[in-house]
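Using the sequences and the accompanying hints, generate a full structural model.
Order-wise, the sequence lines are chains A and B. Here the first sequence is numbered in our numbering, starting from 1 and rising by one per residue. Here the second sequence is numbered in our numbering, starting from 1001 and rising by one per residue.
Calculated directly from the structure, the hints in this document are not laboratory data. Yeah, the Cβ is synthetic: ideal placement off N, Cα and C, and Gly gets one too. There may be inaccurate statements among the hints.
[To be verified] Covered stretches of chain A, going by a simulated chain B footprint (3 or more residues, C-beta under 8 angstroms): (1) 58-72; (2) 93-103; (3) 138-148; (4) 231-244.
[What the hints assert, rightly or not] Here are the simulated EDC-like pairs of lysine to aspartate or glutamate, each with C-alpha atoms no more than 16 angstroms apart in a straight line: (5) 170/A x 231/A; (6) 1122/B x 231/A; (7) 271/A x 108/A; (8) 1331/B x 231/A; (9) 1331/B x 247/A; (10) 88/A x 1510/B; (11) 170/A x 197/A; (12) 1345/B x 231/A; (13) 1345/B x 247/A.
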Amino acid sequence: MISRVLRWAAVAAVCLGIVPAWAQTDAGLYEAAKKEGTVVWYVGGPLEGMNAIAGQFQKEFPGVKIETMRLVGIAQYQRFMDETGAKKYIADLLQNTDYPSISQLAEDGHIAAWKVPTFDRIPPQFRLKEFAYAQYASTNGIVYNVNKVTPDEVKLLESDWAAILDPRFKGRFSASPMKCGVCYAPVHMFMDPKFKDRYGAAFIDKIAAQKPASYSEVLVTIDRVIAGEQDFTISGWEAAAAVKLLDGAPIRWVFPKPTPEFGNSWLGISKYAPHPNATRLFMNWLMGDAGQIAMEKLYGSKGTLSGVPEQRPYVNDAWYHAPVEYYAVDWKRWDENYHKDMDLWAAALKRAK
Amino acid sequence: MIRRLAWLTMAACVVFVAIVPLVYVIDAQFYRETRVGLANDRSLVAFVDVFSSAEYLGFLANALVLAGVVTVLSLLIGVGWALVIGRTDMRGKRTWDTLITLPLYLSPFTGLMAWIALGSEKTGFVNVVLMAVLRPFVAQPQPVFNIWSYAGVVYVMTLFFCPLVYLFTVGSLRGMNTALEEAARTSGASPLTVVLKITLPLCMPAIFASGLLVFILGAELYTIPGIIGSTAGFTTLPWRIFQDSTAVPVHRAHAAAGGTMLLLITVVGVWLQGRLTRVGERFVTVGGKGFNGRPLSLGAWRVVAWLALAGYVVAADLLPFGALLVSSVMKYSAGVITAEVLTSKHYAMFFTTQNMLGALWNTIFLAVLSGAVCVVVGFLISYSELRRPGWATKGLAFLAVLPVAVPGLVYGLGLLWTFLRTPLYGTVWILLLAYVAKFLPYGVIVSRTGLMQLHPELSESARMSGASAGRTMLSISMPLLKPTLMAILFFVMLMSIKELSASVLLYSQDSEVLSVLTWHYMDNGDYQFAAAIGFVQTLIMMGVVFLAQAIFRVRLDRAFGRETPA
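Dropping the structure here:
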């Protein structure tokens, strides 16, 4: 009880800016980090959001500079491995959106084990032993244009993914055949053997029969909804939509049941990090209260650390309904079936034309 | 001896920078693939799959057909404008020159953003305005334009490539000796006959060179056909190469084999160019004697020409640049622009975003330096090929042109593997090498075309007067070709500023460039900020060209056209 009170007090103090973050951390680590001066962070997430988060860290820990370099998914894995093979050790911290890639790196011994101080508060599905931690969770949903979809239709869409098969939605929505984590998560769920009667390949065929517009880039699907070109997209997820909502775009989203949620943007420290202390300090901060609060405030995605006060501004709006039935991805099946399932999905979308 | 040594050094550098990465690319297709890259053991699976499967051959056919259609249309329009501006009495040529070449300052993917805003079926600015205009007259007006279609891809690509054709051909037309035209006219030939039988055939090297460039660039372009094509329901080989290189599971060997396939297409193209223009004297239009030509009179056709040019300027300049500017000041995409969607924050962000100013400096630095290197090395290669023909000089000219064909993504991988273990890795210098290797072909092709139109009698006179070969090159050939060399400089600078596919593989946190940052923000879905960066990038291109023009006292539009020597 006392520890919980103390924890909440500490979080509140950080939120109110009473206690400087550097004062709460291991002074020795910060001193060593200042001597190194820099962290090279290979980011897979959106650059603007990650730069803002890095900027917040720099404010809290003067003397340690974060240099971001954006490399997404498998491209980051390959670049890191090419550099490692050539003994060009540049990256300190990896943030990879592709779980199998970070998992492979850890398995092959390229990621250093580092138990962050908040380890016990990170749910098991958001950590990979002591090697990597999901910075935030991605939650799939249906993103719609408020001027194009009626309240009744919103209610219908919220009920179940099968609602998109309603005849009234034919030709009104879009999807993306792009191969990426958030693009695959709903397909992964549709193809789950336990849902074979409810969804499965037949369900994907039925979606194709609804004649969805198909865009090669998943974020284009959301942009086209914002513009009013499409009424809604089934390839949406909260973080991407939230950024646009905060800009004033006429969109909202619902979480049909069940709602795929998975750890995204996995953070792992390179075993060959040129700035090991600064990197560990930064990692502790990112996966600590202050870093998670900064992430939710500055990027708008849902953090993975439990016990952090909600920072996302839209969750208190009347239209917002949190997911009621989560679907947890199966990483083993994800890795095995990703390509096959996405090919099936892409072929269905192609048939829809 | 020293000259030979210098040439050998240059040849060795060219081979190392341009050819070694290609060897890596060609070699990569013969490895077994794993989920995340290449295994250590050899395999023919990717090679056989790409070169024999109906799927990949279909992607290649799609790319070639698309490039062919775009090349034909670009040649028709570009040469048409070049004829009007270069050979007729059309008024306001300087203004038209500038307006026709304006799309060169737009990169394909920022232009694509503009056209998505303009040409989307329900919310594109063009359809919104047209439907509002038609509504009083038509009960239910339908959208007239849809960018998300095959025709949309062709349209956008053609608008991008027309200025290239124009620039490469208007020079030849301007600098042409009109004696043959005059003779034909005096013999009673109609203006159309003169153009078809005399003017255009004399201009064939330039037309063919520009057609070849457009075809190669069109065949390797992945952004426009990829992003629009997947919605329109077709896939081209470059887009598949992009997917094979970037999506899990990665098919690096397939991507390398696809790149090799495109390389072979270029080899055929370059060989064809050599065959068609092998009798160089047929195309000599700049000799030792001066001439003054009389332009063709347009007469009543001037109004038609003016209207057609104005229509082109609206489509190629006004609409995309306007849309890009409007997009850059919007908070989010919208079909109807109201005060509440407008913002100036993206331009403020440009100066406060981390890495942006560094990227700005790197972009300008690399553009100037790669332009200068391509001018000098490209000219030297062409000069030695044409003035001292031999297997070594011809071989070097052939090899230097090859990288143009390989998609930047695949070629960038070759460069990465070549320079990964050198101190250049992670610095701006590796980007410089990438740009030089990628754009040197333009230096070679354009300077070769210029040199072919320069009669050797000028150099021979200098040599007979006792000048050395080097002195002749510096005092005769280079000054006469100054506008052509400036054309290469401008063109390579513009291409360097726009280059993305190799940059995105080779940049580091200390060597970011604007095109990479624009791509990242686009990739994040922040299209409006990307539009702002794209617009600034366009202004920089204009500024760089303006400065170069002021320093060298040559205008871009004139640079591609050599002035008649007095």
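Going through the hints against the structure:
1. Chain B is given as covering the region 58-72 of chain A, and this holds because 5 residues of the stretch bring a CB closer than 8 angstroms to a CB of that chain, at least three being needed.
2. Under the rule that three or more residues need a Cβ within less than 8 angstroms of chain B, the assignment of the region 93-103 of chain A holds, with 3 such residues.
3. Residues of the region 138-148 of chain A with a Cβ under 8 angstroms from some Cβ of chain B number 0, which does not satisfy the need for three, so the listed coverage is violated.
4. Residue count for the region 231-244 of chain A with a Cβ under 8 angstroms from a Cβ of chain B: 3. That meets the three needed, and the coverage hint holds.
5. Restraint check: the Cα-Cα separation between residue 170/A and residue 231/A comes to about 11 angstroms, which is no more than 16 angstroms; the hinted pair holds.
6. Of the supplied pair hints, the one linking residue 1122/B and residue 231/A holds, its CA atoms being roughly 11 angstroms apart against a limit of 16 angstroms.
7. Simply put, residue 271/A and residue 108/A have alpha-carbon atoms about 11 angstroms apart, close enough for the 16 angstroms limit, and the pair holds.
8. Simply put, residue 1331/B and residue 231/A have alpha-carbon atoms about 19 angstroms apart, too far for the 16 angstroms limit, and the pair is violated.
9. A C-alpha spacing of about 6 angstroms is found between residue 1331/B and residue 247/A, which places the hinted pair at or below 16 angstroms, so the restraint holds.
10. For a cut-off of 16 angstroms, the pair hint linking residue 88/A to residue 1510/B stands: about 15 angstroms separates their Cα positions.
11. Straight-line distance between C-alpha atoms of residue 170/A and residue 197/A comes to about 22 angstroms, which puts the hinted pair past the 16 angstroms bound.
12. At roughly 28 angstroms between alpha-carbon atoms, residue 1345/B and residue 231/A are farther apart than 16 angstroms, so this suggested pair is violated.
13. Under the criterion of a C-alpha separation no larger than 16 angstroms, the hint pairing residue 1345/B with residue 247/A is consistent with the structure, at around 11 angstroms.
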